[in-house]
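Asker: Here is how the chains run, residue by residue.
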Amino acid sequence: MSERSNLRLLVLGVLVISLLGTMLARLFYLQVLEGSEYRAAAVNNTVREVVEPAVRGLVVDQAGRPLISNRTSLVVTVDRLALQREDDKGEAVIARLANILDLPQENIADRLKTCGSEGAKPPPVCWNGSPYQPIPIASDVQAQTALTIMEKRSDFPGVNAKLSAIREYPAPFNVNAAHILGYLGPVTEEQLTEQGDSERWDRLRRTDVVGRSGVEDFYDTQLRGKPGVTTLAVDTAGRVTGTLEEMAPKSGDYLVSSIDAHLQSVVEKELVGAVQRAQRQGFAGDSAAAVVLDVRNGNVLAMASYPTYDPSIWVGGVTQKQFNSLMESDSLASNAIQGLFAPGSTYKVVSTAAAGREGYTLYGDYNCPKKVTLGTQTFRNYESAGYGRIPLSRALEVSCNTVFYGIANRMWEQAGGSDATRSSADPIAETATLFGFGARTGIDLPGESRGRVSGREFKATNWEAQKDTWCKNAVEGYPETRKTDKKLADYFTALDKENCADGFRWREGDALNAAIGQGDTIVTPLQMAVAYAAIANGGTVYQPRVVKAIVDSEGRTVEKFEPKVNSQLDVPRSTINFLRRTLPGVTTDGSGKDPFIGFPLDQIPVASKTGSAQVTGDKVSTSWFASYAPADKPRYAVVMMVTQGGTGSKTSGPGVRKIYEALFGVKGSSIDPSRSVLVDGVPSKKLPTIRPDGTPVIPRGDQSGFPEQAGAGS
Amino acid sequence: MSGSFVADSPQVSSFPTRDRGIGYWRNLDWLLLISAIALTFFGSVLVWSASRADLASETDPQSYLKRHLINIAIALVLGYIASRLNYRWLRAYTPVLYGASLVLLLLPFVPGLGTTIAGARAWISLPGGFTIQPSEFAKIAVILMIAALLSERRDVEEEPTTRDILWSMVSGAAPIAIILVQNDTGTVLVMGAIVLSLIAVSGAPTKWVIGLIGGAVISIMVAIQLGLLKEYQVQRLTSFINPGDDLGSAAYNANQARIAIGGGGVQGYGLFAGPQTQGKFVPVNESDFIFTVVGEELGFVGAALLIVLLAVILWRAAMIAWRADDMYGRLVATGVLAWFAFQSFENIGMTLGIMPITGIPLPFVSAGGTSMMSTWIAIGLLQTVRLHAASDSRI
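Those protein sequence lines, which keep their order, are chains Y and Z. For the first sequence, the residue numbers in numbering that gives the first Met the number 0 are 0 to 713. For the second sequence, the residue numbers in numbering that gives the first Met the number 0 are 0 to 394.
So here's chain Y without its partners, still in its complex pose (with noise of 0.2 Å):
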């Protein structure tokens, strides 16, 4: 090889190795002589997220109508970095801002403060979102206003004016469905709490709302989509060095209610008619619950709670006065859900059954006495009436409490009396249970009650949380009441003394109380309902649900709920069909007869029973209406409960008798499924169609539940 070649190949070496020793003393310079400069450099180094939330998802009811939606408002925002920049940190760009918004302008000042900083007002007032997210100071704001601050960019520096999405509710045939839907607020500490420092950019920040009831709280998550996050690397003035990430905001999904809007409203109407029926009658009416339910599957079709309150009062913040008003009158927990109540004769269908399952003969003859003396204690029936020996199906037209007095006397000493113990057998509570009462029906709503089913395991769990009040009390005597009221005191003391000495047993008069659904048990209208829905199909306790799918803002599917069976009732087939041949007899010659009549039950036979539940301290019964129709082919069960309302066939049955008509197309003695108020007649198999662009395709006309509107496509 030429020895030009040689030299050449021995220069690129020379030249490879100062390339190599310029890496090595660059890096020696860099990490060893510079390094601590750089390490302090890398700490300042910095990320920043400016987070653009995501759009919430619609809830529509079953037809497509819109109960939820959003209504884009006008925000103008501020920037707070850039008015930092300005020479005078921007306080000619708020006065301008005052000016043109119409505000004061220590109003605008105190809304950019971060909370916690100097001078800062506490929340809401102060700004507790991230120093780099754009500041909202008014929203809804006129549209002039907006391009003027838009086309004066130079006097308005980090202003921005720009469309944001805010809760709206369509209310189609003026439907209220407060307690179903919920209301958004503020994220809470706690929620903050939970989620530990998580890292993922769809976590929940603080300047997020989230939903605090209704299907807004417990469907929160699908609702709320994914917040669109860019996060950017800053240095230690702030200054923005570089984007290190984008994410695209995406809208939360949709809720398919099972809820019909033109249904809700019907029975909203007609809750309010049943409440001002009792008023009219001299009660107070001062609570009530309606519910409409799918007996085939547990769907939910309406549901209404008396008092109520406008969910639109929660957009932009509820003030204190509207909030004081909220808890003063009471309307913030769904009655149908939450309330409580003694379910009185409704509930005569659990000891009819208990009855079945222990073997009693329903088709027998059963003694109906005006009244029935135990010790001192005297139970009556409703209005002292006495019927002597009727059938049992008879004793539930008539609803004769002194039937149920005996079969519950008999269970109760086949028990084995005074010396049964807490683990003896008690039927009817065993079967209270089997229909799903004292325990919460899984509903897809938040804070749903358990009730309580009177028996004997309540009354020894009961003892041993009380015992020691009680015995405390029955040594000390009430020596507050007996300065005033010595009698009051003895009473109460005597009372203590022997619910201390043995609380814990299940005496007669307990199980002679539970048979008629008085005493200690307690029940949701809703449970109620689902009980009854059993009945109706045959045996099947449902989930009930209010949600049937969950779709995309585009309108693809996410998820179809199946309709989820709680359980099989164990109740013997012979004694459902006997409960199924009897009720629609209530409604043709008992206690539910007086509200249908002229209602062609001959066409669509009504299975019902009436309740009028005794309360310790209300002067007026609570007045209860269940039933399922058409008795034959049952496809609905509509329950409706007024508290002081007086009895069950006069407030509540007229009241539900309407909600059929409107349920079937009743008007008079003819029948016109045409004029149903459900869409087709029957609740929707389909799920509503979502456009591409994410509005809902509403049913047309009369059906969409809004005021015809000139040029309106849907």
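FYI, nobody ran anything at the bench for these hints, they're computed from the structure. Virtual Cβ for every residue (Gly too), placed ideally from N, Cα, C. Worth double-checking, as some hints may not be accurate.
Mimicking DSS-like on lysine-lysine, the simulated pairs with C-alpha atoms at most 25 Å apart in a straight line are [unchecked claim]:
1. Z:Lys279 to Y:Lys249
2. Y:Lys466 to Y:Lys496
3. Z:Lys65 to Y:Lys225
4. Y:Lys496 to Y:Lys482
5. Y:Lys684 to Y:Lys369
6. Y:Lys649 to Y:Lys684
To give an idea of the chain Y side of the interface with chain Z (calculated C-beta under 7 Å), a few residues [claimed, not checked]:
7. Ser1
8. Glu33
9. Gly502
Assemble the complex: chain Y is given as a structure, and chain Z must be docked to it using the hints.
Answerer: Relative to chain Y, chain Z alone:
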């Protein structure tokens, strides 16, 4: 019945595989092989550290590492095959390989096949999310082609003829032109260095060598002046000069890279513990900016070790070139030496702020299947040159 057949056939091959086998393993450059393997696995630890931060929320944060290890396995097999290639066969088929590599280089322009990554349309997309970067194979093809052209008449003449040199330049210019159109500036620079080194070491007249260096410098300056390069390319090329001035994306990358390496100090933050690396402040740190990972997490100790391993490989390549028994072997080894040296310097240099930012991988270390494979094929070629010289010297 069948047993008799087995007993009956003691046919021993007359092919001297055993002998050649022993020679192969004995004459292999073991230091080169061990250094290259060490650097490759050192690199995979760094790829692991860089990619697990990106994949932290995925179900399998190790998925990227697994793919990298599969690429390494394929690369090792290809390297072994290359080291087993017959010298004469290689020379004979070089024009075919070269032609094939040109076709491959053009494929990214075919709609539906090409993929643009970081502004460079230099990738072919394959089903299953895999991509091939043909310019990596083009480096090997150019080395083999020019080595063949410049060593053809070695026995008669002292230096290559003008004709040889011109042909060599054309052979180098064709792929360089295509890669230039693909916007892959970094690879163009490396290819230029390879072509220049080959012509120089072939013993070409000094005027040629000086002329070529001058021409390269002038064409780079003209390209910038006439705005032939896109703005981002200029910005990338110049941002290293005044990194504090503008905090645009190129300068941002350069700045973050230097903060990462500088912050590593002597000992480093420890593997998986570098705030710049794990915080994803440095872009593409599993590939182009992988050197920032070793710099930050393993400090000067680790980074210097990486450079030392590279130095050993370069030293072995230079020695193979020096001891090659013919011009063809010397030029093949020289080409690989120039390639590894300049590409490593450009890649590491840009993270240290002494070279412009371009998108080329660090040989052996960066993630990227095509780069890993071509690198290991080059190691195989170095071994072939060495084995050829050893077998000749034994005769």
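Asker: Now tell me if each hint is right for this structure.
Answerer: Evaluation of the provided hints:
{"no.": "1", "hint": "Z:Lys279 to Y:Lys249", "verdict": "holds, 24 Å"}
{"no.": "2", "hint": "Y:Lys466 to Y:Lys496", "verdict": "holds, 10 Å"}
{"no.": "3", "hint": "Z:Lys65 to Y:Lys225", "verdict": "violated, 31 Å"}
{"no.": "4", "hint": "Y:Lys496 to Y:Lys482", "verdict": "holds, 20 Å"}
{"no.": "5", "hint": "Y:Lys684 to Y:Lys369", "verdict": "violated, 50 Å"}
{"no.": "6", "hint": "Y:Lys649 to Y:Lys684", "verdict": "violated, 35 Å"}
{"no.": "7", "hint": "Ser1", "verdict": "holds, 5 Å"}
{"no.": "8", "hint": "Glu33", "verdict": "holds, 6 Å"}
{"no.": "9", "hint": "Gly502", "verdict": "violated, 57 Å"}
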